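S.K.: Residue numbers (the UniProt record's numbering), protein chains in the order written: chain R, 1 to 644; chain L, 1 to 644; chain G, 1 to 644.
Check the hints yourself; a few may be wrong.
[To be verified] Pairwise CB distance ranges (calculated):
hint, chain 1, residue 1, chain 2, residue 2, range
1, R, E468, G, R371, 26 to 34 Å
2, R, P85, L, R220, 53 to 61 Å
3, R, R414, L, A635, 57 to 65 Å
4, L, W320, G, T111, 49 to 57 Å
5, G, W320, R, N605, 49 to 57 Å
6, R, G561, G, A17, 36 to 44 Å
Hints listed in this document are in silico derivations from the structure and should not be mistaken for laboratory results. For clarity, every value in this text was computed on a predicted model and none was experimentally measured. Backbone N, C-alpha and C fix where the C-beta goes; we use that ideal spot for every residue, glycine too.
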Amino acid sequence: MLGVCYYPEHWPEDWWARDAAEMAELGIKFVRIGEFAWSRIEPEPGRFDWGWLDRAIDTLGKAGLKVVLGTPTATPPKWLIDLYPDILPYGADGTVRGFGSRRHYTFSSETWFRESARIVEAYASRYGDNPAVAGWQTDNEYGCHDTILSYGPEDLKAFRGWLRRRYQTPEAINEAWGNVFWSMDVNSFDDVELPVRTVTETAPAARLDYWRFSSEQVVRYNEMQTAIIRKHSPGRFVTHNYMGFFHDFDHHAVSEVLDFASWDSYPLGFVEKFPFSEDERGRWASTSHPDIPGFHHDLYRPMAGNKFWVMEQQPGPVNWAPWNAVPTPGMVRLWAWEALAHGAEVVSYFRWRQAPFGQEQMHAGLNRPDRTRSVGGHEAARVGKELAAFGPLPENGTAPVALVFDYEASWITRLQPQGKDFLHEELTFRWYEAIRRLGFDVDMVRPGADLSAYKLVLVPSLPHVSLEALEALRKTDAQILVGPRAGSKTRDFAFPAELAPGPLQAFLPLKVTQVASLRPGAQVVSGAVSGHVSRWREWIETDLPALATYADGAAAILQHGRFTYLTGWAEADLLGDLLANTILPAAGLEPIAVPDHVRIRRRGNLVFAFNYGPESWTVPDAATKRFKLGGPVVAGADLACWEA
Amino acid sequence: MLGVCYYPEHWPEDWWARDAAEMAELGIKFVRIGEFAWSRIEPEPGRFDWGWLDRAIDTLGKAGLKVVLGTPTATPPKWLIDLYPDILPYGADGTVRGFGSRRHYTFSSETWFRESARIVEAYASRYGDNPAVAGWQTDNEYGCHDTILSYGPEDLKAFRGWLRRRYQTPEAINEAWGNVFWSMDVNSFDDVELPVRTVTETAPAARLDYWRFSSEQVVRYNEMQTAIIRKHSPGRFVTHNYMGFFHDFDHHAVSEVLDFASWDSYPLGFVEKFPFSEDERGRWASTSHPDIPGFHHDLYRPMAGNKFWVMEQQPGPVNWAPWNAVPTPGMVRLWAWEALAHGAEVVSYFRWRQAPFGQEQMHAGLNRPDRTRSVGGHEAARVGKELAAFGPLPENGTAPVALVFDYEASWITRLQPQGKDFLHEELTFRWYEAIRRLGFDVDMVRPGADLSAYKLVLVPSLPHVSLEALEALRKTDAQILVGPRAGSKTRDFAFPAELAPGPLQAFLPLKVTQVASLRPGAQVVSGAVSGHVSRWREWIETDLPALATYADGAAAILQHGRFTYLTGWAEADLLGDLLANTILPAAGLEPIAVPDHVRIRRRGNLVFAFNYGPESWTVPDAATKRFKLGGPVVAGADLACWEA
Amino acid sequence: MLGVCYYPEHWPEDWWARDAAEMAELGIKFVRIGEFAWSRIEPEPGRFDWGWLDRAIDTLGKAGLKVVLGTPTATPPKWLIDLYPDILPYGADGTVRGFGSRRHYTFSSETWFRESARIVEAYASRYGDNPAVAGWQTDNEYGCHDTILSYGPEDLKAFRGWLRRRYQTPEAINEAWGNVFWSMDVNSFDDVELPVRTVTETAPAARLDYWRFSSEQVVRYNEMQTAIIRKHSPGRFVTHNYMGFFHDFDHHAVSEVLDFASWDSYPLGFVEKFPFSEDERGRWASTSHPDIPGFHHDLYRPMAGNKFWVMEQQPGPVNWAPWNAVPTPGMVRLWAWEALAHGAEVVSYFRWRQAPFGQEQMHAGLNRPDRTRSVGGHEAARVGKELAAFGPLPENGTAPVALVFDYEASWITRLQPQGKDFLHEELTFRWYEAIRRLGFDVDMVRPGADLSAYKLVLVPSLPHVSLEALEALRKTDAQILVGPRAGSKTRDFAFPAELAPGPLQAFLPLKVTQVASLRPGAQVVSGAVSGHVSRWREWIETDLPALATYADGAAAILQHGRFTYLTGWAEADLLGDLLANTILPAAGLEPIAVPDHVRIRRRGNLVFAFNYGPESWTVPDAATKRFKLGGPVVAGADLACWEA
């Protein structure tokens, strides 16, 4: 189904009815509103102006549209900040970040927690049982603009409390953080300071705890909003709209109280955000890299209920990347269908009409500022028509491949990268790309999730292997491919006494004795499989024979039963060879190799193919397929769907 | 005529007379002094020591030299800052910028305004009617070291006052700035904050207003100084020395009260400052790019009185660029003649003698620290002799080509570039270069200036088209070439309701429906003219036929009557082809194509050619010319002048 | 002899005895301990816990090991900072740098000076006459993490006092600093501010004085610690462990009170720190550049007693460079032998066992965290065995070549580089490399040191030539090669009245009339010698004939008697040609050219060759040599030693 983001407060009230009618005409079912409107709802402390929002919801509802209401906490108004300056967040330089844009709050401010509860209560109690309201979005894009880690007095106070609860005694902190190193011992919890403005690096275990604490503050805050909404709005869903390539908090933990996760899909902007090569950026500038949307669909879908929404879908050029391309004609339609193929319930475009004012005035909408349908709007309308003709989509099943995705792994490797280009998010994405190039669907799951349904489990980056993660690996019969640095850290960010891969030695009888981070350039690996390693290489002590070795004869890949260990950062050639010729056969999986611009995705009995072009692609064995969309030859920026 | 900048306070008093005699001997007529001497004039609060300056002026006057006196407000002394710390400016990080170098003041400090008036009054009342004093320079290089935009409490106070006068009500600000976006509504003028230290981007309309306010503060400050000087110094000129490639305030507005504009010409240093390619920087490292001096002469000359001074002329290597070359022999002479050809009344070298101490001790002068004439000094002396033989230069006339230069365009495109390499100053400079490569003189004029005298008007960058600008375009019969983004913003930094090019749709019946900022790389344009577009591309809705199209068939260039619209950032090939083969013929103008190292400039009945070399250049139809300087073959770093 | 750094406080007490036994078994004689242990010695104000350190020293002593005790002042504990926040240093942005890592103190805090004396007194009085204690290390790595220049209130107070003593009157400062420039005059010492947070560059003479002051604060602080130790610990040595490529204070001055200098040798990490090209970084990533260890050995050895220690020797991969390689097998042994060949008395590995916690947990040790000997540990053990068999090493003599190394030259060229790639440390290193490629041993000496014993003196960078430096050059008969910018500044950071090379004009009758810093690219020099110049070029006024000229005929190299002057930054080709074919013959020195990966070093009657490989190298005339280590063919990462 389609949705759209709408800001009635941005437009004359006499435009609303026509807007609503045109939405319905375009095939839209859901309209998200309200999430930045605090100053118009409560223009002064305690004085509420609900009228306009009442009328807006009424207008939409009368047009047959369902409303998703956003709580307005991403934009506390000026008067609130003036009343309670302790709401403001602090930057990594230890100075306050002021009012003037959005997200100017720290999750640790008790005042903010209370005021947030107050405004959510007000929203939820007024609209909780409104028949036009189908569900809720909490806040907006937690963490946007680098707002998870804050370094102010409120944060310090909350962190000390968190430590008190977690560690009980200062001695326990000294032990856990290794405070004997550099005379960092604390004599009380009040001796703990934030890791900010120090002369050089602070204890990594302390910083990891600060990150865990900060992530848990988001969880706690989201739980508070969700609980208030559920109290007033029975039968409605609650979700939150996550961002792309953003790993500063544990989205799995936040999702526990949500009905499903949502995310905001800006395929072109993300081409500039992710560390692609300049060549890749040039190649995919106007279509997006073919794995950017899928990576996120497959990350967020399993978080809650095996379903998700795209809450904001790019409808044309945006305003916030270094360069902002116009999408290749067809892509606005393709991205929507691709999300649906990956299990999305709703694809909601951002936004209905391009705003003529404000920071995002260069961000396209489904309509132009002159009330005319935009290029992207025409593509969305085509999706609307196609969907109407298509009938209901089948349920989304379980993929054959799981990829274990750990937010702490991102924090640990950022806190101590050891090599400046060892980037967790890049490593994970490249493994995802490798398996998708072989035609498989993927579920990205948290460490500890049940893996028994999978035939292949990929573990690209898991420095800390928790007991739960270990158990899940033990209990599956899947083939398991483990990447470098796995098990190299304890919970307290320390070397495991038995060396890496730590607890994974239960499955992989080997020890990592030395690691090198490698300057740009690649090392040859050869043997049963071959290719290249770059960025990272480990030396191993083991009795296992090597599946492949480095040029100096040292082991590069080791196998033991259904576990395979990669000692380095495998380039695409090595990873592809290893998967296709060793691991997939062992897993009993048959790949369908696709070119770099095509991806396949199954939903129930349907198979979809998406071509990021420009070259066309011919569906294999096309004569035997029954096509529901497109046909045997899929043009660039086009798609096909057939019955499996 | 020649001038020089001199610092008697830097030298033993018994050197002055010989210095003055040597100046006169070299052909110098004007000597600028005094602009950094506050601490020597007023060493303690209210205690003035005029004696040395009296004697310095007297010594210069007796040698037949005319003095240009600079007010010393660029360097408030330590005791003044200690008395009134509210004078200090604040950086973009919201923290104070301290005493210790120069320009440590904010234009918004009321104390500073009062103290400035006091010292200017003191200077002007003492020397206003001194017969040796020919004129005045206010302050020194407004804005140098990033000092236009300040972010302190004095600035906030003044800005709120400015807003109160401009908007009358908070509601008017909310409307103009689009404050409904992200709940930024203000309930009073005291709710307005400076755009500093915010979590992310603030409202662009607010920042544009802050820039306008800051620019107007300069205007107001300069008016104050000028009024005081005029009161005490009848019959003397008042000017200010602007900088190169500096657009942070509206120089047109500041110039309104000046007798003429001056500027400080450092052709080699600017090669490093402007965003040239590394190849270009290597090519022009020791001569300057051939359009750097001319661009500024033609920008500043029309500002007041169709004349100007070069107040500081580079005499050799300087100290402040990343690399500081020695000029190719001949260039110090060439730059002086080139300034004169562009209409300069005086070319004043900076400085008489290289200082052996202080920040600028590596900055050459006409004399070395050992009281010997420098290499550049010998070139200046040659100019002095040539000028004496040359006789008076004719009046400067009006050029056939106008280029509309808008300071607000610089602010708007910097506030929201949309593409990271969309640089207003580069675009403008490249258009200037293109028309200069075709041999034309150019007047750079402000939007709204009378255009009736011109045959061709270039409008490379004018996002906001004011009523005055529109009227001026209507009232001329010139051919008009308009660049991308024209008319894309209202006065309040918003999308025009009718889409871009906004009010220019009166002349160009078309609408811009989509824009893309392009990653590095070029797109082919072909048709009646051909070449390449990079960086920026627009999509157009119109009934007009295209003069040239992109590879996908979309319109790249559109014409309607005497208006031509370029939908992208034209590379030199496309811009040159368009001008030479379509627009210039329509304008009835005959180009003289010159190579990349040669430029031509007319002054009255004289034609000058300047060769930035190293290749020599032969004057076309040389046999028919009467040469006043040089001859038919112009060597590198040399020039020629003949009668038209 | 071998040593090791050990942290008993990091390990269970019941591990100590086995650790000590294994050290002795490996051939270790000295164990450095205690330098980061303040919080465990004095966990609360005034409450000391000596027991564990008593027992640790006792355990080591009983195993026949000698202890080097480090004072713990690099890591003041939390309670001390809470009691006396004025201890904290301030960054170049003028804000405080907090507790949380190490070196969180400013040398200028009087409180800190007193508290440091107190803890040093406590350490020294307890262990001064302990028979197991062989010597002392003051603090740890002065200046690490950019901690020499601090910009807080304590620093300002101390600086004003220093100026009062040095200048007596404010007028003297105004004169020395050129304060007339930009009205910077001070009326009292309290008018002086720190060069921080200013609008643009402050007076270079003021900043040079601030650097001198800051350096002298280190000298004074180290003298205090040394004096206390000597009082309580007669017969023991005192040293300090310097860093590599670090020039922020005058190590010569600090060394005056030491028995010998030590330094911390991290050959691989320094490959990333020094401004090598990316090609060079790739070539030397796993071995180090062959001159990195030698450069520092030859710099620190002459500082005190013509001997030195390597206090910390890299034993494997480290944790702090952008990329951290595993050393090529053999290099951990090679580096140790190379240090000994350069005159080291002891090579002490950092550290005994890799810590499993804290910031440096990725830093290898001689043992792995699992109590097993590491790869590097095995190489160290081989050195231990070889040393036992080798017998005592001969005394280190005087080299034939001196290189004058001036810390102020580093400060002056950083304060005003004039060309952004004019890097003092790179220039000096390249001259060192050039003479080492010709097979010579080098003593690096301070300006003013006695040069009479040398045949060749290299002066790559000496902007300020002091009277002492001048006298030393006068009194030697050596050939002297002088690099660009020599004598270009007075003591007060001013142009000399007679122009550069200032006082060196006594030996070199020439004047520098212009200087250019050159954009990347090289200029050809030809004549009696030939090659290239880049980065810097000077123009000369002289009657001397040129030994070689630039393409435009201007002099590039000038000679007068035993002095040769280089007017530019000579590339390796020019410098090699000049040395080999002109200067060395004049000095009566016979070079032995070695390839880029081999270096030779003599100690007494022994000659060592070190091969940084991978190519092997054959010792010339090998048949005539008696080898003590290795043989005629030296493999990559291997070495040889024979009798001369």
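S.K.: Please name the hints from earlier in the document that this structure breaks, with their numbers sorted from lowest to highest.
M.R.: 2, 4
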